[in-house]
Structures are given as C-alpha cells and as structure tokens.
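With these hints in hand, go ahead and build the complete structure from the sequences.
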Amino acid sequence: MIRHHIAHDLLVDYASGSLPEAPSLVVATHLACCASCREDVRRIEDIGGALLESVGTASLGPDALAAALDRLDKHEPETTELRLDEESRKVLPGPLARHVHRNLGDLRWRRLGPCIEEAVLASASPIFKTALLRVAAGAAMPAHTHGGHEYTLVLKGGIRDGGAEYRHGDVMSLDDTHEHKPVATEDEECICLVVLDAPVRLTGRFARLLNPFIKH
Amino acid sequence: MSLILASRHMLDFVLVRPPRSKMAEEFVDRNGRGDPASLLHSVGAHGDRSAFSDLFEHFAPRIKAYCLKRGSSLSAAEEIAQEAMIKVWRRAAQFDPARASASTWIFAIARNARIDAFRREKRPEVLPEDFDAEDPSSDTFGHLADAEAGGKLVAEISTLPPDQAEVVRKAFFEDKTHQEIAQELKLPLGTVKSRIRLALGRLRKSMSEFQP
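Going down the list, the protein sequences come from chains U and Y. Per the working numbering, residue 9 is the first one in the first sequence, and the count goes up by one each step. Per the working numbering, residue 79 is the first one in the second sequence, and the count goes up by one each step.
These aren't lab readings, by the way, just hints derived from the structure by calculation. For each residue, glycine too, the CB sits at the ideal point set by N, CA and C. Keep in mind that the hints are not guaranteed to be accurate.
[Unchecked claim] Listed next, the in silico EDC-like pairs over lysine to aspartate or glutamate satisfying Cα-Cα at most 16 angstroms (straight line): (1) Y:K165 <-> U:D48; (2) U:K98 <-> Y:D210; (3) Y:K264 <-> Y:E234; (4) Y:K283 <-> U:D78.
[Stated by the list, open to error] Quick list of simulated restraints, FRET-style, between CB atoms: (5) Y:G112 <-> U:G170: 52 to 58 angstroms; (6) U:R97 <-> Y:A171: 49 to 55 angstroms; (7) Y:A233 <-> U:D71: 47 to 53 angstroms.
Right under this line is the structure:
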C-alpha cells in the first residue's frame with residue numbers, strides 16, 4: 009500500500025519526456041509499485057498521444073517503410089537477459105533492476121558509518137548522484153542538509169522521518185528547505201534508492217557528490 | 079506585438095504543417111482494416127505485416143514531426159521514427175486497449191526512443207511485468223479514443239489562456255522541466271506548477287468527454 013507518492017509536477021516532467029535519467033529512475037521505480045501514479049502518468053500521456061495525432065506530419069524517406077519491414081524479422085534483442093538472485097529480485101523493482109543490472113551482493117558497497125553502506129550506481133549525468141543505501145534496522149541516518157532535491161525511495165524495510173513512515177515503494181522528496189533526521193524502522197534493515205540533484209550553480213557540489221551523507 | 083507572438087506560438091505548438099481542411103487529421107482507414115488499436119492487436123497477435131505498414135504510414139510521419147518539434151535534426155528524427163516503429167512491432171503484444179489508446183501507447187514509445195537517442199541516456203521504462211502483484215488495481219481505466227481526442231485537443235488548446243498554453247508547450251515540445259520553465263520565464267516554481275496543473279486539468283476534462 010503506497011502512502012507517499014510522486015509529486016504531480018514530477019509526473020508531468022516524466023510523462024512529457026523532459027525529466028533527466030536519474031530522477032526518472034525514481035519515478036519509474038515508483039510507478040512499478042503504484043497503480044495510482046501509473047494512472048496519473050497515463051492521463052498525462054493521453055495529452056501526449058493527442059498531441060502526436062495533431063502535431064502534423066513530416067514525410068520519411070521513400071524507402072523508410074521497406075527498411076523497417078526488412079528489420080522486423082531480424083533478431084535484435086532489446087536488452088541482455090537479466091538473471092538476478094531471489095533477494096535482488098524481491099528488493100529491486102523492474103525498472104531499477106534493469107538499471108542496476110546485477111545482484112545486490114555484487115555491487116561495490118562502501119561503508120559510510122557503523123550502520124550505513126552505500127553503493128553508487130551509474131549515472132549518465134554528473135549533476136546527479138544515484139546510489140543505493142543500506143541502513144541497519146533501527147539505525148539513524150545522519151541528519152544532513154543539502155542543495156537541490158533529494159529523492160529517497162524505500163525498497164526494503166522502512167524509514168521514519170518527521171512523524172511519517174515510508175515503506176516499499178514510498179518516496180520521500182526533500183528540497184534544501186528541509187532538514188531531516190530519517191531513522192530506519194526496527195523490523196529489518198532498510199535498503200533505499202537515493203537520487204541527489206546537485207545543480208551546477210551551487211557551490212560545494214563536489215563535496216556533496218563525493219559523499220552526501222558525510223556531513224553530520 | 080505580444081498578442082501576435084502569443085497566438086503564433088500557440089499555433090506553432092499545435093501544428094508543424096497545418097492540415098487545411100480539418101484541425102487534426104484523423105486516421106485514414108485506407109484498407110478497411112480498422113482503427114489503430116485493432117491494427118496493433120493484429121500486429122501483436124498475428125505478426126500482421128500489412129497492419130504494421132498501415133500503422134507505420136500513419137504514425138511514423140507524426141513521430142518524425144514530433145521529434146523535429148523537440149529539436150532533433152532531420153536525420154535523427156527519421157531514425158527515431160524508424161526505431162520507435164520497430165519497438166511498436168516488437169511490443170505490440172503488450173499493448174492493452176483497456177489501459178491506453180493506441181496513440182497514447184505509441185507516444186510513450188516515441189518519447190522514450192527520442193530520449194534514448196537524443197540524450198544518450200537510457201530512459202528507465204516501466205513494463206507491464208514490473209507491476210507489483212499485490213497491487214489492488216488492475217489498471218483498467220477509461221481512456222481517450224484516438225483521433226477524436228487529437229482534434230478535440232487542438233481546438234481546446236486554442237481556448238487556453240496564453241500563459242497556460244505557453245507552459246504546456248514548453249513542457250511537451252521544448253524538453254523543459256517545471257524548474258527550467260520557471261527559470262526561463264522568471265516565474266516562481268509554484269506559478270508554473272499551477273499553470274500546468276490548470277491547463278492539463280482543463281484539457282483532460284474536455285477530452286474525457288470523448289471517452290468511449
């Protein structure tokens with residue numbers, strides 16, 4: 009049961025195709041878990057579909073259709089087959105699993121503190137940091153402030169922050185006006201996807217990119 | 079001056095090459111084979127190449143126009159239209175007419191193909207098999223009929239207040255996020271959010287009258 013959804017403006021940016029890869033990963037992963045946001049995105053995509061019908065036409069080359077027909081029977085696998093172990097399959101929803109593309113145990117986990125580990129994920133853009141965070145049950149994540157936005161999506165376990173509880177698929181979205189003190193719930197370890205948007209115009213970007221959770 | 083500019087922009091938003099007779103061209107059922115949704119079904123269920131050709135002739139030039147509008151070069155737009163249509167062929171079996179109209183479904187594929195090519199980023203995609211099994215909803219909602227919705231939308235956009243039409247155009251055709259639109263127009267983010275929300279609400283409301 010999803011309680012914390014993606015903000016409408018972010019869904020519009022995602023559905024219109026303007027949102028960069030890193031935050032799109034958060035949105036897509038949430039969508040895999042949340043029928044109500046999927047429905048919202050589909051409604052926005054309806055606008056896109058209607059625009060596609062009304063955008064006009066630009067003729068393709070004379071051989072375009074023949075070239076396409078030629079390709080239909082060729083075997084061009086879209087993605088390499090993904091074989092994940094049971095834990096990884098359970099923790100990583102499809103869009104995130106295809107991005108991570110390996111088992112949780114095969115990621116390079118780096119210890120940030122006695123109870124916290126981080127695995128940095130590939131990112132096409134240097135202005136975002138994308139990482140998985142693993143926090144021991146009941147452990148406090150260090151309080152921190154930062155520039156830009158931070159999206160945290162819970163994959164396993166739970167997080168409590170400011171009276172709210174976040175579970176599988178829930179998204180915590182914070183901007184620099186927040187100071188927060190998230191704590192992992194006591195029932196089990198918590199794994200979450202964190203995307204940090206550190207706009208170029210801000211100073212101290214590199215310090216933050218190197219380690220957003222080190223300032224406590 | 080600003081009025082002229084605003085109306086030129088709005089027209090620009092809607093049409094690359096304005097069809098003369100109607101506001102939006104409807105799907106031409108040249109071979110009497112049915113609407114885009116039935117064609118997609120034939121492709122998905124039977125690998126029907128002739129149905130695919132009909133879809134290609136209708137949608138590929140629109141995808142190309144959409145890409146040109148969003149800043150792709152001629153050759154890139156042509157290539158993206160090709161790639162998107164190949165994906166339509168491969169994924170046609172996943173198309174569920176209960177979940178989306180054919181043009182909405184193809185729009186999503188075209189949008190993702192453009193992002194993959196244009197930004198050299200991977201567009202994180204959500205596939206039907208990704209949905210959480212315990213999810214109570216089966217994702218079957220009413221949706222828009224294809225061609226009528228396009229025509230209706232064009233008419234409706236021209237009735238939007240210019241400030242709303244402008245932000246929707248920037249969101250769908252200029253590759254700009256809310257944040258970037260706010261910066262460019264020197265508006266508070268909250269203002270851009272509410273303009274887009276109002277505009278989409280209004281467009282959606284008018285289009286929902288066309289739900290089958």
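Hints and how they fare:
1. At most 16 angstroms may separate the alpha-carbon atoms for a hinted pair to count; K165 of chain Y and D48 of chain U exceed this at roughly 24 angstroms.
2. For the proposed pair K98 of chain U and D210 of chain Y, the alpha carbon gap of about 10 angstroms is at most 16 angstroms, so the pair holds.
3. This hinted pair does not check out: K264 of chain Y and E234 of chain Y have alpha carbons roughly 26 angstroms apart, beyond 16 angstroms.
4. At roughly 42 angstroms between alpha-carbon atoms, K283 of chain Y and D78 of chain U are farther apart than 16 angstroms, so this suggested pair is violated.
5. About 54 angstroms separates the C-beta atoms of G112 of chain Y and G170 of chain U, a value consistent with the hinted range of 52 to 58 angstroms.
6. Separation of R97 of chain U from A171 of chain Y is about 23 angstroms and departs from the stated range, judged on CB atoms against 49 to 55 angstroms.
7. Judged by the Cβ atoms, the range 47 to 53 angstroms given for A233 of chain Y and D71 of chain U is violated: they are separated by roughly 36 angstroms.
Checked against the numbered hints given earlier, the structure breaks hints 1, 3, 4, 6, 7 and satisfies all the rest.
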